[in-house]
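**Q** Chains as they are written, first to last, in the numbering used here: chain A, 285 to 604; chain B, 10 to 297; chain C, 8 to 304.
Honestly, the hints are just simulated from the structure, not real lab data. Quick caveat: nothing in here was measured; it's all calculated off a predicted structure. Just so it is clear, CB atoms sit at the ideal spot from N, CA and C, and this is done for glycine as well. Take every hint as true, because none was put in to throw you off.
Simulated restraints on C-beta separations:
{"no.": "1", "chain 1": "B", "residue 1": "E285", "chain 2": "C", "residue 2": "V272", "range": "22 to 30 Å"}
{"no.": "2", "chain 1": "B", "residue 1": "T290", "chain 2": "C", "residue 2": "Y164", "range": "25 to 33 Å"}
{"no.": "3", "chain 1": "B", "residue 1": "P248", "chain 2": "C", "residue 2": "S42", "range": "46 to 54 Å"}
To spell it out: a stretch of chain A is covered by chain B in this simulated footprint if at least three of its residues, at any positions, have a beta carbon under 8 Å from a beta carbon of chain B; those stretches are:
{"no.": "4", "segment": "493-503"}
{"no.": "5", "segment": "512-523"}
What follows is each chain in one-letter form.
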Amino acid sequence: MTLTSTPPEAEAPEIGADTPRTPARRAYEWLTPAGLGGGISRGLRGLFGRHTGALDRSAVVVSILLVAIAIIGPFVAPYDPYLAVPADALLPPGSQHWMGTDDAGRDVLSRLLVGAGTTLLAAVAVVLISTIVGVLVACVAVLSPRGVDATIMRICDIFMALPAMVLALGIAAALGPSLGSVVLAMVIAMWPGTTRLVRGILRVTMNAAYVESARVNGIGRFPTLVRHVLPNSLDSVYVQASMEISGAVVLMAGLAYLGVGAPPPSADWGAMVAQGREYITTAWWVATFPGLAITVAAIAFGLLGDVIRVRLDPSLRRKR
Amino acid sequence: MTVALPPADGVDLRVEDLTKRFGRGAREFTAVDRVSFHLGTGETLGLVGESGSGKSTTVRCLMGLERPQAGTLTYNGLNLRRLTYKAERIFRSQVQMVFQDPYSSLDPRMTIGQIVAEPLRVHTDLDAAQRRRRVGEMLERVGMEAAHMKRFPRSFSGGQRQRIAIARALVVQPRVLVCDEPVSALDVSVQAQVLNLIKDMQQELSLSVLFIAHDLAVVRYLCDRLVILEKGRAVEQGPRDQVYGDPRHPYTQSLLEAVPRADPVAERERRLRRRERTITTQEAEVAA
Amino acid sequence: MTAPVLEITDLTVSVPEVTRTDGGRGGLTLVEGVSLSLSRGERVALVGESGSGKSMTAKAVMRLDPTVDLSGSIRVVGQEVIGVPERAVRRLRGSAVSMVFQDPMTALNPVLTIGDQVAEPLRLRGVSRREARSRAIDMLDRLGVPSAARRIDAFPYEFSGGMRQRVVMAAALIGGPDVLIADEPTTALDVRVQEQVLDLLEEQSRELGLAVLLITHDLAIVAGFAHRVVVMRHGRIVEDRPVDDVFAAPQHPYTRGLLASIPSVDDDPTARLRTVDDVMQEDAALAASVILEEVAP
Chain A
285 MTLTSTPPEA
295 EAPEIGADTP
305 RTPARRAYEW
315 LTPAGLGGGI
325 SRGLRGLFGR
335 HTGALDRSAV
345 VVSILLVAIA
355 IIGPFVAPYD
365 PYLAVPADAL
375 LPPGSQHWMG
385 TDDAGRDVLS
395 RLLVGAGTTL
405 LAAVAVVLIS
415 TIVGVLVACV
425 AVLSPRGVDA
435 TIMRICDIFM
445 ALPAMVLALG
455 IAAALGPSLG
465 SVVLAMVIAM
475 WPGTTRLVRG
485 ILRVTMNAAY
495 VESARVNGIG
505 RFPTLVRHVL
515 PNSLDSVYVQ
525 ASMEISGAVV
535 LMAGLAYLGV
545 GAPPPSADWG
555 AMVAQGREYI
565 TTAWWVATFP
575 GLAITVAAIA
585 FGLLGDVIRV
595 RLDPSLRRKR
Chain B
10 MTVALPPADG
20 VDLRVEDLTK
30 RFGRGAREFT
40 AVDRVSFHLG
50 TGETLGLVGE
60 SGSGKSTTVR
70 CLMGLERPQA
80 GTLTYNGLNL
90 RRLTYKAERI
100 FRSQVQMVFQ
110 DPYSSLDPRM
120 TIGQIVAEPL
130 RVHTDLDAAQ
140 RRRRVGEMLE
150 RVGMEAAHMK
160 RFPRSFSGGQ
170 RQRIAIARAL
180 VVQPRVLVCD
190 EPVSALDVSV
200 QAQVLNLIKD
210 MQQELSLSVL
220 FIAHDLAVVR
230 YLCDRLVILE
240 KGRAVEQGPR
250 DQVYGDPRHP
260 YTQSLLEAVP
270 RADPVAERER
280 RLRRRERTIT
290 TQEAEVAA
Chain C
8 MTAPVLEITD
18 LTVSVPEVTR
28 TDGGRGGLTL
38 VEGVSLSLSR
48 GERVALVGES
58 GSGKSMTAKA
68 VMRLDPTVDL
78 SGSIRVVGQE
88 VIGVPERAVR
98 RLRGSAVSMV
108 FQDPMTALNP
118 VLTIGDQVAE
128 PLRLRGVSRR
138 EARSRAIDML
148 DRLGVPSAAR
158 RIDAFPYEFS
168 GGMRQRVVMA
178 AALIGGPDVL
188 IADEPTTALD
198 VRVQEQVLDL
208 LEEQSRELGL
218 AVLLITHDLA
228 IVAGFAHRVV
238 VMRHGRIVED
248 RPVDDVFAAP
258 QHPYTRGLLA
268 SIPSVDDDPT
278 ARLRTVDDVM
288 QEDAALAASV
298 ILEEVAP
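The shape of chain A in the complex, shown without the other chains:
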């Protein structure tokens, strides 16, 4: 995330509201992993134009397909993804191995299928945990007196000032290479973004008349928050979360590429790309197939987030 020096009274931009799309903002939007996924999906929308129905449907279908693969992958894999068969090392895609083999003779397709579970499960776990933590902290911030609220926001700013990659790298390296440490590192890197977003939305929602109406009936601040404010504020969170999944997949892949993450012979896609990088020119299939899988997953989930946003759009809200 880029360095932001925000004045104390600044709010997080409302999703969907008219944040001025200055060139700086546009650049920022593009540079985040979710932004790239979203940017590609917007580009695709541009191509499809009015026929985005097909695009939306394929996004949903692919996302479901990926989840299905994640679940049944291990059962359908033709070969053992972890068993090294040195004799079969670096075989090109063929009838025996549809996606070829890697440098230890393991079938790439099998590793891909099994790795789907690891990668996606980890990505979803990261997003789920960081979103829950983010929302909780935002609620605390919004209910607290100004000083505490400001402190929490400054903490978020500090975290967000460091690029997610760097932050996650540092934490994961410190905790030792394992899937768990990567997940934890990513959660720590991602929750402040959610908090900023949610806090901004909560504050806006809390100005609505129906919230005042509840307060005027003597309902306390916390029950009002839970019963009225949160349900009306979480739409953007759902959208953000599904887009973050694609960001998480890419981020995890990047971390694995840099050597942090689940140790080999783990089959997660990022690690696979990392393994295959030496052979890019000689045995292109080792890195390319997992790379493609990551790309497809990122785009599919990014588009899914877009679809959710469109469906949740309060286009039914009438104005005189």
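Fit chains B and C to the supplied structure of chain A, relying on the hints for placement.
**A** Only chains B and C this time, still in chain A's reference frame:
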């Protein structure tokens, strides 16, 4: 069909020297400046002023949505600035509010039934079935159907939403109804319906009503007494006929003047006179 | 007789497919068979409740809503607007026909100075910065914005609602349009400011020969302002007559209802306000015969 409700009892709402300031340092401004008025049993008081007059802020201070810097606020002897838990319960169940914007005063994610039942859940210990019955009755009373309980606010027009808001406010049989510009966001033709409803409810339930508005024509139908606010100050106060018939303060006079009348010939004349007045004022300025 | 500056003939605005509140899907006709014309310097009020189609009609004139289907004919200073390419319409916007919207608080871009926004229509047509700026100052001055030369570089937030509406009007009038469409320009304003804005509109109309189509739900404000009143209901025109006639002897029961529901400082305060429904029920027989007239070709 209608359950006979006992008439609301004694109401003694006093606002004395209420003062509310916003902002800090150079940007500080006084929204409400030593405003005083009183609302008694069965009375309807109109709080009239333009935007920025402080009428909404006054009411928000009254209802506890803002904290005033100075002044006394009492309801039936209870000090509203220092409410105990018990006192607050009493106050809030007896003084209910209808808001200005029908499009944001109803939680879009709750059904009408849930929305109208909420005060019942908070202030009474009726069970779900009893609540549902009361909600149904109340909806019918305001001109809606009990079956609407299952629908969401988005299915309803502005006028209907205000009816729902009124139903919500009256479902706990309060003694005081505070209306913050309840018809300003509605079409003129729909305003009449809602105003009639408020008047009917006021008579049926012997309510005391505090009615905030910027339109003098609207308050005339409902209010026994009026308070005219200009830039945070109460510039005129008195019984309806006196304020309309013999306005003392120039601001009141200019407000009355500005109300459009449904008479093309008279209006054109007025416009002509206004233009002439402006021209002579300009000439005087130039000459000076 | 000079040609009308705005001529709408048999306009129909419809939405192809929409999910209705009853759950069904299908097409929806928002405006049907509307015909209306404005001559130079004429002020016409288009009156109706929410959902009557008045705003849709106004937006159709400038083809502002790309999602609706238009049929019929709309001629602005003789030029057809329906069925022509977008750039032809764009040429008309700001120069032949202009629009002022309801909410002055959001009609102005908060990050641009009022000078930039008022000058924009001119700059888009190639007028030089300097000249556009001076004409903007002129325009703001004419519309009664005090110290226009000094405040031209101020931002919208520094102005009150009434002033912002003047700025919006300045931007709308600077291109010298022949027709100005004002869509509920006074609804969000206090009564005194309302009066000022209407006075201003009337003055400009008088001085510049500007035709004004004022859209509103409030029949009361049009009494001193308009030459003619057109009443719309459920997407159709139910009355189109000179203002004095409409107020003195309204024909359609709906118009009578609208008039009756206006609260007035002169009425008996203890009487019930008459609503549109009350009046229409009273005239049940008359209503039936008038509707028959509407439906018959």
